[in-house]
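Visitor: These are the residues of each chain, in order.
There are 2 protein chains.
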Amino acid sequence: MQAPMRKVNVSLGARSYPIEIGRGLIDSTNVLAHAAPARQVMVVTNAAIAPLYLPALRQALGDRHVIHVALPDGEQEKRLESMLPIVDEMLVNGFDRDCLVIALGGGVIGDLAGFVAATYQRGVGYVQLPTTLLAMVDSSVGGKTGVNHPRGKNMIGAFHQPLAVIADLNVLSTLPDRELRAGLAEVIKYALLGDAEFLLWLEANMDAALERDTTALAYIVERCCQNKAAIVAADERETGERALLNLGHTFGHAIEAARGYGDWLHGEAIAAGMCMAATMSARLGWISAADRDRAIALIAKAGLPTKAPNDISPERWREFMARDKKNRDGKMRLVLLKRLGQAVVSSDYDADSLDQTLAQACDG
Amino acid sequence: MQAPMRKVNVSLGARSYPIEIGRGLIDSTNVLAHAAPARQVMVVTNAAIAPLYLPALRQALGDRHVIHVALPDGEQEKRLESMLPIVDEMLVNGFDRDCLVIALGGGVIGDLAGFVAATYQRGVGYVQLPTTLLAMVDSSVGGKTGVNHPRGKNMIGAFHQPLAVIADLNVLSTLPDRELRAGLAEVIKYALLGDAEFLLWLEANMDAALERDTTALAYIVERCCQNKAAIVAADERETGERALLNLGHTFGHAIEAARGYGDWLHGEAIAAGMCMAATMSARLGWISAADRDRAIALIAKAGLPTKAPNDISPERWREFMARDKKNRDGKMRLVLLKRLGQAVVSSDYDADSLDQTLAQACDG
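Protein sequences, first through last, are from chains A and B. So for the first sequence, the numbering used here puts the first residue at 1; every next one is plus one. So for the second sequence, the numbering used here puts the first residue at 1; every next one is plus one.
If you're looking for bench data, these hints aren't it; they were derived computationally from the structure. Where a beta carbon is used, it is the ideal one built from N, C-alpha and C, also for glycine. Treat the hints loosely; a few may be bogus.
To be verified - Covered by chain A, according to a simulated footprint, are these stretches of chain B (three or more residues, beta-carbon under 8 Å): (1) 78-85; (2) 98-104; (3) 118-124; (4) 243-249; (5) 345-352.
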C-alpha cells in the first residue's frame, strides 16, 4: 500500500524546516531539488547503507558536484577523528560555504554529518536522509549534532538545524528487525512522556508496526515528528522542556557507556532505561504499579529489553549518570513519570528511590 | 603611567558582551567575578604563559573549582586532536553545562578554547583573556572559534561569542618584540580597511607603540576593538561586511599554509599579504602608487615584512588561495583597497592584475 505523503514543519523562525514523509523520496528529484539546491554536495553515509541507496541518491542529485564518504558501520565511528577524512574530501574538492552535507544513514551518521556541517568553515547547510526508524523519529529532527568522547556520549557537539529532513519509508523494508525494534523504543518514549492518546494507539497497533505495515509506520513517524517538532520549537537549545526527550536516556546512556558503545543498541538501552525510570517513578509513588507494568508491557511487546544488564555496580551507574548533560550544579536530574503520558525533569526526588532502583538493576 | 580603564561594548542582542581594557585586570577579583560567575572553570593556556599569569588568575578566581590545561606553545596545537585532553579533564572533573572556559593566551589558545566552549556538551560560556596584542585587537573579539585542518586554516570551527573579553595591558610588557610587531599588523589592518583617521594617528605614533607606551597601547586596543565591534555587530556571521576584516588574509593564509604554520607568524604573513593587496589595488588603478607606498611604509615602520617569500609558485599561491572561506561558487574573492581607509570585498577585478601580483611575489 502506498502511504500518502505527509509533512511536518519544525517552527524555528529563520531556521524552520520541513520533515517530508513518504515512499520513494530518496529517488525523488523534485523533493531533493527543493531540499538541496546547492551545487556542491557531500554525502556522508556508511558502508552498509551506501550500496543500497547511494546510487539512487546520486542519480536524483543530477549534475551537482557530488562526493561521498562511506564510514564503517557502527557507533564507534561517532568520534572526533572521523570528521577529518570527511573535511579532507570537502577541502580537496574545493567545497565552499555554500556547499551542502547530506546525512544518509542512521543516528550515528546523522549526528556526525550534522556536526561536520555545523563546523565546516564555521557552518554549512545539511539535509537529513534517515535510514532507520530511530533516526526518522528522533535523531534526525531537532538539530542536535555531535560525537562521543571516550568518557561520554555526545559530549562534543553543536545545535545546528538541518535544512530539511526526508524520511523515505521505503528504506524501512531493509531495516534489520533488531533495529526496527530499537527505533520503536524512541517511539514509545514519545507516548510515555507526553502523548497518552498515542500510547493507546501503540498498545493497539504494535503488531502492525512490527509487521512493517506502511500505513502504521507512516503514522508513527508523523506522530513522533509532530511531538518532537513541538518540543523543539518550544525549547531549541534544551534549557527546559526539551530535556523531557531524554526519558530513559540517563539510565540508558550509562548502560551504553558501561558496556562500551555498540554492544547494546541505543534504542535497547533506552528501553531498559525507560523501564528503570518507570520503576523509580512507581517507587516514588508518582505512578501506580499498574501503570508501571503497562509501560513495561508495551516495551516488552515491542521485543525490547526491559531489564538493564546486572553486571554494572551502583558506583559505576552513578559514575556514568553523573556525566549526563542535564545535571546542573552537581545535582543529578532525571526524567521521571508523573503519569503515563506526562514526564517531568526533576532533581527533587527521594535519594533512596534511586539507590533502590540501581540496586535492583544489579540484582537483575 | 597608569592607563585609565576603558570599555568597549559588542552589541549583539542577547549575545552582547563587554571588552574591558586596563592594567592588572587578570588579578582583579572584581572584574573576574563579573565576567566569570560560574562555579566550575577550565583555564586553557599554554606552557609559556602559564608560569607568568596562571597563579594570579587562579588566586583571583578564589574558591571556584578551577582546573587548567597548558598546551605546548605554537600554532601546531590548534588542531582537532588538541581538544580531546581538554574535554577529558572537564569530564573527569564533572564539569556540566553551567561551567566556564577561560582562554588565557594568544590567538591559538583563544580560538581553540573558544571552540571547546562552543562544542563542550553542545556549548558553554567562555571568557577571553588575551595575552598578545594580536589577540586583544583581533582574535579574542567577535566569536570566531576553530581549529586548523592539515589542508587549511580555521577550516573546522564555530561562531560562538564570549561572555567577556578582558584585555590586561600589563601582559604586553612580557610580550616578545616579534609578537608585538605581529600584533601591529592587525592594528594597521583596521586603519587601512576602514579608519583613515586612525591611519594618520598610527603614522604619527608608531614609535610610541613600539616602545610599549601604555597610553598608546591602550588607545590602540580600544580603537581597534571599537572598529571590530562595529563590524561584528553589523555582520556577526560574515555574510557581508565582516569579510573586510580579512584584508591581507587571503594572501597571508596562503603564505602560512605554504610555509607550514609557525614559520611566519600570522601577523607577519598578514603584513606581507596587505602589501600584496595594496600593490594589486594600485595595479588596478583603485589607489595611487603614492598611497600604496604609504601603506607599505607604515607596515615597514612597524618592523614587519613587506614582501612574501619568493619560493611559492603562482600555482601554489592559487591552490592555497582557492581554499579561502570568502570564495563563493568557485570565484576567488579578495579584499582590496578602494582608497586608504576603505576596503572592499570583490571578485570583480581584472584577472591579469592578480596574475602579475603573484608573479611579482615569485620574483621577490
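Visitor: The structure should be examined with respect to each hint, and the outcome stated for every one.
Guide: For each hint, the structure was consulted:
1. 78-85: n = 4 at 8 Å, threshold three: holds.
2. 98-104: violated (count 1)
3. 118-124: n = 6 at 8 Å, threshold three: holds.
4. 243-249: Coverage by chain A is violated for the segment 243-249 of chain B (0 residues, Cβ < 8 Å).
5. 345-352: Violated: only 0 residues of the segment 345-352 of chain B have a Cβ under 8 Å from chain A.
Checked against the numbered hints given earlier, the structure breaks hints 2, 4, 5 and satisfies all the rest.
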